[in-house]
Structures are given as structure tokens and as C-alpha cells.
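Let the sequences and hints guide you as you build the complete structure.
In my numbering, the protein residues as written are -10 to 101.
Do not rely on the hints blindly, as some may be mistaken.
Pairwise CB distance ranges (calculated) [claimed, not checked]:
#, residue 1, residue 2, range
1, Asp46, Asn4, 45 to 51 Å
2, Lys79, Gly18, 40 to 46 Å
3, Val49, Leu89, 18 to 24 Å
4, Cys(-1), Lys60, 18 to 24 Å
In short, the hints are calculated from the structure, not lab data.
Quick caveat, the model's predicted, so the values are computed rather than measured.
Even for Gly, the Cβ is constructed at its ideal location relative to N, Cα and C.
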Amino acid sequence: MEKHMICIMCPMGCNLTVKVEKGEISVTGNGCNRGVEFAKSEMTCPKRIVTTSVKTDKGVKACKTTQPIPKNLIFDCVKEVEKLHLKNVKFGQVIIKNVLGTGADIVVTAND
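Set out below in C-alpha cells:
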């Protein structure tokens, strides 16, 4: 199997070609080793930082995960945040610890 993707690990945006043969992953087109790591991660367990908003007593505030979580858990993560209605939240405050057992916390990323 062969797949083409653009690396997002730096501003270069290398055009990667990823081949999977007999369980082995090979990557070409990368300008650095980060491209190889990115491509292998995308093929085995793609992850993303999740950004969303949380309801508060003063409207909505931006929040995000502290580290990437598996891509297949993004919608479940957002649903967990949607359950909340918080008071007196501050920038950097953890509002959900270890969301969905991923090891990532959800933190507020906006001030009043």
C-alpha cells in the first residue's frame, strides 16, 4: 500500500510518500527525521490536539488538550467538554484531567 501526505511537523510541508509492505513502513520525501516520525504515527495511530470551547458563567472560553490524543477520540473529547458549565475559570486552568484516559488534560486557553 502507498499513501501520500504532507508533513505538518514544521513549516516546510514536505510531500511524503509512505509505503507499507509486509508490516514495514518506509517514508520518502522527508526533509528531516520528524517527517518519518509523523508519517509512521499517521499510519499507526494518528493523533491531534483538540481545540474547542467550554461554557462558563461569562459566556464561552477557548480550551484545548495539553497533548495530542488519538484522532478517533476527538468527537468523544468534545462531548465531554460540552457537558461542562463552569464558573470562575482562568487561563491555564485544568478543567478535565486525563480526558478519556488519554493522559491529556483539557485546559482553558483564554482570559476574561
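**Report entry** Structure versus earlier hints, numbers of those that do not hold, lowest first
**Finding:** none
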